[in-house]
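> Residue-level listing of the chains:
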Amino acid sequence: MNAAIPILTLGGLAAFFALLSIITASIVGPRRYNRAKLDAYECGIEPTPQPIGGGKFPVKYYLTAMLFIVFDIEIVFLYPWAVSFDQLGMFGFIEMVSFIVTLLAVYAYVWRRGGLEWD
Amino acid sequence: MTGLATVMLSVIDTGEQITFWICGSLALIGALGMVLSRKAVHSALWIAMTMINLACLYMAQGALFLGMVQIIVYTGAVMMLFLFVLMLVGVDSSDSVVETIRGQRLAAGLAGLAFALMLIAVISRVTLGDVGTQGADAVYGGNLQGLAALIFGKYLLAFEVTSALLITAAIGAMILAHRERIEPKKEQKDLSKERFLSGEHPGSLPPPGVYARHNAVDTPALLPDGTLAENSVPASLRARGAIRTVDRALGDEVQQLAAGDGSLEGEDLR
Amino acid sequence: MNGLIALVPIPTPNMDLGQIAPLEIVFGAALISVLVEAFVRREGRRRVQLVLVFASLIAAVAALVGLAGTRTLTAQASVAVDGPALFMQGTVLLLAIVGALLIAERSIDPAGDAFAPRASALPGGREERELTAAGWSQTEVWPLFLFCVGGMLLFPASNDLLTMFVALEVLSLPLYLLAGLARRRRLLSQEASLKYFLLGAFSSAFFLFGTAMLYGFAGTFSLGGIADALSGNAGDNGLVMLGVALLAVGLLFKVAAVPFHQWTPDVYQGAPTPITAFMATCVKVAAFGALLRVMYVALGGVRWDWQPMLWIIAIITMLVGVIVAIAQTDIKRMLAYSSIAHAGFILLGVIAVSEAGIASTMFYLAAYGFATLGAFAVVSLVRDSSGEATHLSQWAGLGKRSPVVAGIFTLFLLAFAGIPLTSGFTSKFAVFSAAIAGGATPVVIVAVFASVISAFFYARIIVLMFFAEPAEEGPRVVLPSAFTALALAIGVAVTVLLGVLPQPLLNLAQQAGIFLR
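Order-wise, the sequence lines are chains A, B and C. Counting in this note's numbering, the first sequence runs from 149 upward without gaps. Counting in this note's numbering, the second sequence runs from 1073 upward without gaps. Counting in this note's numbering, the third sequence runs from 183 upward without gaps.
Simulated from the structure, these hints should not be mistaken for laboratory data. Here a beta-carbon is modelled for each residue, glycine too, at the ideal position from N, C-alpha and C. Incorrect hints may have been included.
What the hints assert, rightly or not - Examples of chain C residues toward chain A, derived with CB under 8 Å: (1) V190; (2) P191; (3) T194; (4) L213; (5) V216; (6) L217; (7) E219.
Input sequences plus hints: build the corresponding full structure.
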């Protein structure tokens, strides 16, 4: 618990600052609503109108995000292993290597099929 | 054992209680907001709040690592994936308002309420044994070490089998979202051939006009004969007719220049 | 915090790798299968995958036979190697081999196998047509299939709730994907996949919730530990009741018992037929294996609390299954409701709470599994130009056009109905007598009543096939390749054999029917 106090304090400070900025801006700032204010900013020119419904976006983004999560979770397991590496000894090392090698198989699959390319 | 438990229950510090009541209520509000808000993006933000508060609860109970994982994996990665997908796809709130089966919401609400009442009724008369992580943490010298002992000891098989889960997730993402190339990727050479064979303007388009007075993408460049180069302005602006007209006075000068009138030359260059 | 404490070495877990050999073989093959997807050229993949899948499944069966008679806990007591576990694993493996035969079939559909050439292509789009013409196929089906089988092997053998949950997810996740890969009627298939995924995730959450409750009560995930805690503390603890109920919801969802059956007809209809066949059989075996283990090993001490609940669920499952099945006009949906009804019949073995109950449940699962695989194999053969002809009206007069196929289907329907000399009769008889011995006579009366109703709609299809006039533009029966033919032959052989000569398997099930704690 003690270890969490600095982190929580920092988080609290950050949240406080964010809230403070938003509230201050809404109290102090002048309110002048016009069309230009609501427009998207596009390098100073009039923004290109968005297609209705937002249009289509490449589903590739989802693939990248999903693969990120998969390997993110792999790394979550690495942390307790690394912290207690000395206590686990050789067997722990073998376990983790086998886990990583297992996931390397799917990494190879993703790589060979071009899942990591963005084009 | 029960004596110890009652002692431990009574000495749960007030700090933890305060954390519980604040974070617990916020998590609940977030969950309700997730269900009740009409816009999908708002729902995602509400659930992010719930998850952060859950993480705080875990940390307050001494599971620091779990709290951090909750924030990093769920709030950080999963929720941001949700948010981005929702924003990019542009899910319309009207999609979810339509009830396909009549009375579905009412029935679901009633069932949910009944389930909640049952949970409250049952949990209110629960007796807990040993609570807290202190005892477990002490064995291997810390919370993380205890966790490692469980993951890499008792639940080793479950841990290794988890990799099957991750592999399935990755394959699933590939199957559902990836389009493998049918043809080999086009090289620069192929692209350049294609460009010339298409019969359209092969090179890069002319840049917009650059004038002493004015310089912007909506100002067309002038060709040597003084006419406007329409394709020097982005197509989206052209389609909207938002091309800024060139100052005609300047245009006249240019035409004079084009006609070979040298009288302006020295003056202009200075 | 830990600077002052000397580092205590974490003891090295001992794993007897030999005792979980079938699991290792299947998961190892699944990994190799992923590597095959990565490194083997597209043209050769199918062949390599087929060799790998069948070799590994047969090797796993061999390893399982080698383990026969073992009674031990392994992998830090997280896996039980005992009679029921080995029997269920054997059933899953044999059914999976037949299921793999159906999945491997690709001469029924003129375009190729039962799966979309590319799941990410727009249904009916240009890309899909081009890929179909070029003969592409989604060979990722095989690694997914193997992972699924691996999960199914672990699920009924898990001796703690955590391992069981991981196994549940490992078996479910590939199925969610496989359900959405049908070549024909893509949108229906994708809808089925999404529904299955959402509801399945929801039921997994219930399972997890129940696990947490039982952990809160017992302080352990181990089934034996929970049983000990229950025997030490007979007082009514809310955590136990809640845990049992929530855990049961998660498991009953997987066996498709009413009221957790809503997904079944849609998913069975939308999924590619070989996957439906695989799902309808192997998932049921694995899930009933886990249900039996949880209820008998961990929660045997509170059986008076959960037995009435399962009584009611068994009764409504049988009745809803058979009554709604009558109204169905689609053969796959009809089989789905029939499978719901059968889940109710199998629950009779569970509520018996006896060794005879375990043995009869296991026998029923094996008998039902082979008949179901065969029935879905027949469904995949009856086609018209747009794919499988699943509307019942299209099956009119099928017996006049192709008497052999209609005859085989009739055999499976008779087995479902529980007519003597088929496996269905023996298995129904076994669960009914076990349930009566277990004091569940009222439920058995309902079960007999439900059997009579079910016989009515099975007979209706038989009458439709043999005595109705064939439609003008009726579907035709495609001649399958050796894969489906072999699967059908196995289905027919097992169904007849278990009807005529059930004793060897019954004896085996009785010998195996004791859980290890």
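> All hints are to be evaluated individually against the structure, with a verdict given for each.
Hints, one by one, checked against the model:
1. Taking 8 Å as the C-beta contact cut-off toward chain A, the hint placing V190(C) at the interface holds, the least distance being around 7 Å.
2. The interface hint given for P191(C) is met, as the beta carbon of that residue sits about 5 Å from the closest beta carbon of chain A, less than 8 Å.
3. Restraint check, T194(C) versus chain A: the minimum CB separation of about 4 Å is within 8 Å; hint holds.
4. The closest approach between the C-beta of L213(C) and any C-beta of chain A is roughly 5 Å, which is under the 8 Å cut-off, so the hint is satisfied.
5. Because the beta carbon of V216(C) sits about 5 Å from the nearest beta carbon in chain A, less than 8 Å, this interface hint is met.
6. The beta carbon of L217(C) is positioned within 8 Å of a beta carbon in chain A (closest approach about 5 Å), and the interface hint is therefore held.
7. Checking E219(C) against chain A by beta carbon gives a least distance of about 5 Å; that is within 8 Å, so the hint holds.
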